[in-house]
Each structure stands twice: as C-alpha cells, then as structure tokens.
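Undergrad: Line by line, the protein sequences are chains A and B. Using my numbering, read the first sequence as starting at 1 and increasing by one per residue. Using my numbering, read the second sequence as starting at 1001 and increasing by one per residue.
Check before you lean on any hint, since a few could be wrong.
Unchecked claim - Taking lysine to aspartate or glutamate pairs in the DMTMM-like style, the calculated list, with each CA pair at most 20 Å apart, reads:
| hint | chain 1 | residue 1 | chain 2 | residue 2 |
| --- | --- | --- | --- | --- |
| 1 | A | Lys36 | B | Glu1102 |
| 2 | B | Lys1043 | A | Glu111 |
| 3 | A | Lys51 | A | Asp88 |
| 4 | A | Lys24 | A | Asp1 |
| 5 | B | Lys1058 | A | Asp1 |
| 6 | A | Lys51 | B | Glu1089 |
| 7 | A | Lys109 | B | Glu1102 |
| 8 | A | Lys24 | B | Glu1046 |
| 9 | B | Lys1065 | A | Asp1 |
| 10 | A | Lys45 | B | Glu1046 |
| 11 | B | Lys1043 | A | Asp9 |
Note that these hints are calculated values from the structure, not bench results. From a predicted model like this one, the values you see are computed outputs, not experimental measurements.
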Amino acid sequence: DTVMTQSPDSLAVSLGERATINCKSSQSVLYSSNNKNALSWYQQKPGQPPKLLIYWASTRESGVPDRFSGSGSGTDFTLTISSLQAEDVAIYYCHQYYTTPWTFGQGTKVEIK
Amino acid sequence: QVQLVESGGGVVQPGRSLRLSCAASGFIFTTYGMHWVRQSPGKGLEWVAVIWYDGSEKYYADSVKGRFTISRDDSKSTLYLQMNSLRVEDTAIYYCARGGSETHGICSLWGQGTLVTVSS
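So here's chain A without its partners, still in its complex pose (with noise of 0.2 Å):
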C-alpha cells in the first residue's frame, strides 16, 4: 500500500502569516499518461465531514479561497495558506487516488498561535 506521511502533526501560525503542510508518498504517484498527480487535500473543521480543497495536486476545487495552494511533484507535495484565517482552524489531510486502496496521511492539524 501507498504510505502517506505529513509533517508536522501539528502548527500553529499567527493569523495572517503563512502555514505550510507537507506530505510524502511511498512512492510516486505521478501518472505518465496525463502528467497529473493523483494527490488530493482535504480540510475538516471540528464536528463536521471533510471537504475538498485541492486535486491533481494543484487544482483548487470551485468555491475554495485562492489563499489555499498545493503544489509538487512525485512524491513531495506541499499545501499552502498564504495569509491564515480564524475560519482555517482544522485538520488537514493528503489523501492519493493513484493506486488502490487509496490511502490518506495522518493529518495536520492547524491552530492560531
């Protein structure tokens, strides 16, 4: 199976400022036939599902804020807010879609500082 790690655990960024989550495949998940990377970033606030943010690596979903980027390649990737909000309080996942069973990282979980 694909092993997704993320880094860190956990953070805590002031609002306004920069966070940024990584995450690591086992192997990579990049597939030759398109040049797209089947990588895809959840959020989920406290006490309610999921919600996706981001696919093929960088494809920001409809309705999401642009402060939400991802980016990288292989088995690197990174999820980026550009200026944190008190509304990104949650924990955010990495989750590949390139080889069954489809696997997720552990999760990030982001606080105010």
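Chain A is already provided as a structure; the job is to place chain B on it using the hints.
TA: Same frame as chain A, now just chain B:
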C-alpha cells in the same frame, strides 16, 4: 439541493452484520463513482471502498476486503455498504462521498456520516 444522507448506523455485536445506506439527491447519481470513508473516534480518515459510476469496478481497503461489499441502486440514487463479520476496530463514523467529474479518485461531496459502534 445537492446532498448525501447516510443511514443505518448503530450498535452491533462483534461478528454481526450491518448495512449502511447513502441517499443522494440534487445531482445525476449515475454519472459519479461513489466512496465510503470512515473515521474512528478521534482518529484520521480511512478510505474504505469505491464503486465506479456504472458499477463495473469495485475496490476495497485491505482491512475490509472479503467482509464489506459496496453496491449501488441507481433507480433509487442510493449507495450501500454491507458490512459482515464486524470487528471492534470497525467502530467509526462512516461517510459516503461522491467522486469527481474528472476522476473517481477524489471525494468532491461528503455526507454528514453515520456512526457504527461494534461492541459486546
């Protein structure tokens, strides 16, 4: 209104069975793959199973393979998860999720979840 509503959760003894349902509305069900994803209390997300938009392909997590079966009834716009031989470690909130329009792999819409508790 575009939504997914899960039902069928509850408390069940180890070794018993349970069937979860997920009613879809507000979108064309037959054009999307569908997933089940679970979350144990206080833990992270675990992908459980997916079924292609036409039911032609089904895939499972290793932890449930051979015990759980995903299916769909397009006439009712409903997704199912038949769970047999339940174990204590299957205790979780079970979410159904809709795949994406470009790829089955993403979960573009989620239900609120239904709690399954396996306990003697």
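Undergrad: Does each hint hold? Answer for all of them.
TA: These are the hints, each one checked on the structure:
1. A/Lys36 x B/Glu1102: holds (12 Å)
2. B/Lys1043 x A/Glu111: The hint holds at about 17 Å.
3. A/Lys51 x A/Asp88: holds (12 Å)
4. A/Lys24 x A/Asp1: holds (14 Å)
5. B/Lys1058 x A/Asp1: With Cα atoms ~17 Å apart, lysine 1058 of chain B and aspartate 1 of chain A stay inside 20 Å; holds.
6. A/Lys51 x B/Glu1089: violated (25 Å)
7. A/Lys109 x B/Glu1102: violated (29 Å)
8. A/Lys24 x B/Glu1046: Holds, at about 17 Å.
9. B/Lys1065 x A/Asp1: At roughly 14 Å apart (the allowed maximum being 20 Å), aspartate 1 of chain A and lysine 1065 of chain B satisfy the hint.
10. A/Lys45 x B/Glu1046: holds (17 Å)
11. B/Lys1043 x A/Asp9: Since the Cα atoms of lysine 1043 of chain B and aspartate 9 of chain A sit roughly 13 Å apart, the hinted pair holds (cutoff 20 Å).
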